[in-house]
Amino acid sequence: MKKIISGQLALSCGVLAFGLFFLIGSFQIPDAAGYSTVGPTHVPRAVGIGLLLIGGLLIWEVIRGGFRNHDEAAEQALTTDWLAFAWVSAGLLLYGMLIERAGFIPASVILFVCTARGFNSRRWLLNGLIAVVMAVGIFALFNYGLGLSLPKGLLKGIL
Amino acid sequence: MEVWDLLLQGFNVALEPKNLLWAFVGVTLGTAVGVLPGIGPAVAIALLLPLTSKLDPSGALIMFAGIYYGAMYGGSTTSILLNTPGESATIVTAMEGNQMAKRGRAGPALCTAAVGSFVAGTIATILLTLLAPQVVDLAVKFGPPEYFALMILAFMTVSTVLGDSTIRGLTALFIGLGIGVVGIENQSGQARFVFGIPQLADGIEVVTVAVGLFAVGETFYMASKMNQVTEKIERVKGSILMTKDDWKRSWKPWLRGTAIGFPFGAMPAGGAEIPTFLSYAAEKKLSAHPEEFGHGAIEGVAGPEAANNASATGVMVPLLTLGLPTSATAAILLAAFQQYGLQPGPLLFETNAPLVWGLIASFYVGNVMLLVLNLPLIGVWIKLLEVPKPQLYAGILVFATMGVYGMRQSAFDVFLLYAIGVMGLLMRRYGFPTAPVIVGMILGPLAEEQMRRSLAISEGDPTIFISRPISGTILVITALIVLGPWLVRRLRLLRKA
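The listed protein sequences correspond, in order, to chains A and B.
Note that the working numbering has the first sequence beginning at 7, numbered continuously upward.
Note that the working numbering has the second sequence beginning at 25, numbered continuously upward.
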């Protein structure tokens, strides 16, 4: 009995879940086939079935000792720094929440500082300064130069 | 000859001052994103897609194409000086070029890569010029079943020939096909997988997926896994010019690399990875100094770099003449055409000849610009490599989110970007290729359309794909490519038993 790599197993189950999602979803699309014999449900159904089959094959590989031609040992030797992941995640999720409320410039500055912290940079002031210059520059270029408007948010009165 | 007349017309378009400017912007941006880790041509073009609403098609497409082949030049700089290949096609350059750099020969390595890329890019563009009209002549006879068969071939080669595992490649392809299905379907008007969310009704933007998988996924991976690894940038000492001996040892590999690379790109099989390895192997075999390979042999940089560039230009053949993208970047270029309501293919050569030939002519111009950008100005690009990682990736994410949000001013897309970024991290961690996702999501809906048209012609009889000689042949070839290696292995096992 070979050791089962739990991460790979979970991921393969995720592929199965995706397959199930598309297969079940395809039955909820009204089939308005009309005179053409293939309606809008066929491709989603094929995608669902395909993913279920592939998911099954992946699980088969995992049970037989892991994904083929994949250096799991090398990946496991590099420990995952979850704190770094959390910092970058926080930056992106805050950006999504703030972009329309606080505006482009504050959201971008927070994203920049959080991401830099994710890469272990603790020079908050310097990073903040770079971020402000960059965000203001992009904002000016896009809003006044190219006419693609980015949200002003809190700085509405100033910009 | 007619081709040269058309090309001459193309030069009239490409040499207009404004188009020259766009070509220059494109190749400069391309070199920059090629040099910078964490952002590649696919992401750069995706982020600039919103500009299509402001620019005319020829200007925008000339710029996008410039980014595409400019990135090939820039990528070699990074692999020689940093030994971290940005993409699989430069692995070989990284091996031999970095060895040269370690021995104080970074200059000649960069030089042979740049000149080799120029030679290969130019010859490949000449081949593209000659070959494209031939393929167009053939392609006008194609109907929906033939296009459907070609698309299946492209799907299978993109997901199974490249990468380490057929199953993982197919996983990526099917996820891409699934993403492509989301939204209002344009033939029946049915909403698929929309769940009442208005942003999903318009479909998932390719920008969000490309930027999520490549830029955000890469940032997650670098932050959480690779930050412990320190990289060393090799210094460029002395002259960057090649000696007489270097030239003598480089010119044949350039030509051989081009000869190997172009056909691989031009076939819907696509991919620059295999030809670079083939070229490396060929040079090692033919070299008068095989013992230098692995310790910085200039042939090992010259050949694969030429093969890489020739193959990149070759990819334009199926893209322009058949509308078939065989790499992630080519798929995004196809999306750029679609933004203008244009569909690459034989018809485009008829209806928009100045646009297509202007684009092809711009490759000649762009390659000359790139030679100048990458030789005398190489120092500028080396400076880019010195941007520290925290600020580099933070900056990339600021641009990435701006592009994704700005596409349709929706915060929903930012959260979607996050989710796709996490998926990109998992795919990278567990060895799934990401390019098939992009090709699947862009080519999937087109393949669905061709399939439905075919079945409308045959009144629902699916044998139409096999009974028509051309589509039948293509499907048989596809089956051989996918099942061939497995069958050969089985047969060998049987013979041994």
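Just so you know, these hints were derived from the structure itself, not from any lab.
Careful: at least some of the hints might be erroneous.
[To be verified] Calculated lysine to any residue pairs in the SDA-like style (CA-CA distance at most 25 Å, straight line):
1. B:K413 x A:A96
2. A:K9 x B:K165
3. B:K78 x B:D29
4. B:K165 x B:M431
5. A:K162 x B:M431
6. B:K413 x A:A80
7. B:K413 x B:L106
8. B:K249 x B:I264
9. B:K249 x A:E78
10. B:K249 x A:I116
11. B:K249 x A:I10
12. B:K249 x A:F91
Here is how each hint holds up against the structure:
1. Proposed proximity of B:K413 and A:A96 is supported: the alpha carbons are some 18 Å apart, at most 25 Å.
2. Simply put, A:K9 and B:K165 have alpha-carbon atoms about 55 Å apart, too far for the 25 Å limit, and the pair is violated.
3. With a C-alpha separation of about 30 Å, the suggested pair B:K78 and B:D29 falls outside the 25 Å cut-off, and the hint is violated.
4. With a CA separation close to 38 Å, the supplied pair B:K165 and B:M431 exceeds the 25 Å bound.
5. Simply put, A:K162 and B:M431 have alpha-carbon atoms about 21 Å apart, close enough for the 25 Å limit, and the pair holds.
6. Between B:K413 and A:A80 the CA atoms are separated by roughly 22 Å; this keeps the pair inside 25 Å, and the hint holds.
7. Our distance criterion of 25 Å between C-alpha atoms is met by B:K413 and B:L106, whose separation comes to about 13 Å.
8. Straight-line distance between C-alpha atoms of B:K249 and B:I264 comes to about 35 Å, which puts the hinted pair past the 25 Å bound.
9. With a CA separation close to 14 Å, the supplied pair B:K249 and A:E78 stays within the 25 Å bound.
10. Among the hinted pairs, B:K249 with A:I116 is consistent with the structure: their alpha-carbon atoms are about 23 Å apart, no more than 25 Å.
11. This hinted pair checks out: B:K249 and A:I10 have alpha carbons roughly 22 Å apart, not beyond 25 Å.
12. A distance of roughly 9 Å separates the Cα atoms of B:K249 and A:F91; the hinted pair therefore holds under the 25 Å criterion.
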